[in-house]
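For reference, each letter of the sequence shown is one residue, going 102 to 270 in my numbering.
If you're looking for bench data, these hints aren't it; they were derived computationally from the structure.
Treat the hints loosely; a few may be bogus.
[Said to hold, decoys possible] Label-pair ranges, simulated between beta-carbon atoms:
(1) 253 / 132: 26 to 32 Å
(2) 179 / 210: 41 to 47 Å
(3) 131 / 260: 38 to 44 Å
(4) 190 / 146: 39 to 45 Å
(5) 193 / 161: 50 to 56 Å
(6) 150 / 249: 28 to 34 Å
(7) 168 / 132: 40 to 46 Å
(8) 189 / 168: 30 to 36 Å
(9) 268 / 206: 45 to 51 Å
(10) 142 / 193: 27 to 33 Å
(11) 237 / 104: 44 to 50 Å
(12) 157 / 195: 41 to 47 Å
(13) 238 / 131: 23 to 29 Å
[What the hints assert, rightly or not] Calculated pairs, SDA-like style, for lysine to any residue (alpha carbon to alpha carbon, straight line, at most 20 Å):
(14) 143 / 176
(15) 251 / 235
(16) 188 / 174
(17) 152 / 222
(18) 188 / 176
(19) 152 / 251
(20) 251 / 220
Beta carbons are placed, not taken as given, at the ideal position from N, Cα and C, and that holds for glycine.
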Amino acid sequence: MPDRRYVMGLFRDEDAVVSALGSLRKSPWNLHRVHGPYPSHKIMDALAFRKSPVGWFTLAGGITGFLSGYAISIYSSVQWNLIVSGKPVIAPIPFFVVGYELTILFGILGTVLGLLITTRVPEFKSLKQYYDPRCSGEHFGVVAVCDEGKQGELERFFAENGGEVRVFE
């Protein structure tokens, strides 16, 4: 497998970054990461992220929690009968409170689990950061990945789009 090279294009202008990202999507190189001094809606739109699946984890956790709350309440009332003035042993209204509380708890746990799974955190194998300190001040950085032999083409691509080039070893 050929060596992979990480090349960063540093841009001062937000519109130049958006233009470079549009051209990069049509090129054979892979976008690795984008750094910027502040959040930008233009860049987020140019990256065209798909909708996050974390909400499905929240829904699954909430449904599981609600059903678990009802099941625990039913089990405990059947196991240890507490008959009060002829009321039914399995009373749906009071059990709703337990189901509701576990809906919230399991929904939160599902959200955290979904967030960790979809973001692949923690990712110990890529501890190497491809970052330039200037991206915390006045520059935007676009990091792309290419094969070792195509590094010159990627450097020219960033230079043609108005970026300053930095290569990571």
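Hints and how they fare:
1. 253 / 132: 26 to 32 Å: violated, 19 Å
2. 179 / 210: 41 to 47 Å: Violated - the Cβ-Cβ distance for residue 179 and residue 210, about 27 Å, lies outside 41 to 47 Å.
3. 131 / 260: 38 to 44 Å: Between residue 131 and residue 260, where Cβ atoms are some 19 Å apart, the hint is violated.
4. 190 / 146: 39 to 45 Å: violated, 57 Å
5. 193 / 161: 50 to 56 Å: violated, 23 Å
6. 150 / 249: 28 to 34 Å: 29 Å Cβ-Cβ, so the 28 to 34 Å window holds.
7. 168 / 132: 40 to 46 Å: With Cβ atoms ~42 Å apart, the hint holds.
8. 189 / 168: 30 to 36 Å: With Cβ atoms ~20 Å apart, the hint is violated.
9. 268 / 206: 45 to 51 Å: holds, 49 Å
10. 142 / 193: 27 to 33 Å: Given range 27 to 33 Å: violated, Cβ gap about 47 Å.
11. 237 / 104: 44 to 50 Å: violated, 29 Å
12. 157 / 195: 41 to 47 Å: violated, 30 Å
13. 238 / 131: 23 to 29 Å: Since the Cβ atoms of residue 238 and residue 131 sit about 27 Å apart, the hinted range of 23 to 29 Å holds.
14. 143 / 176: violated, 54 Å
15. 251 / 235: Measuring from Cα to Cα gives roughly 25 Å; hence the hint is violated.
16. 188 / 174: holds, 15 Å
17. 152 / 222: holds, 18 Å
18. 188 / 176: holds, 17 Å
19. 152 / 251: violated, 32 Å
20. 251 / 220: Cα-Cα ~29 Å, so violated.
Violated hints, listed in ascending order, are 1, 2, 3, 4, 5, 8, 10, 11, 12, 14, 15, 19, 20; each of the other numbered hints is respected by the structure.
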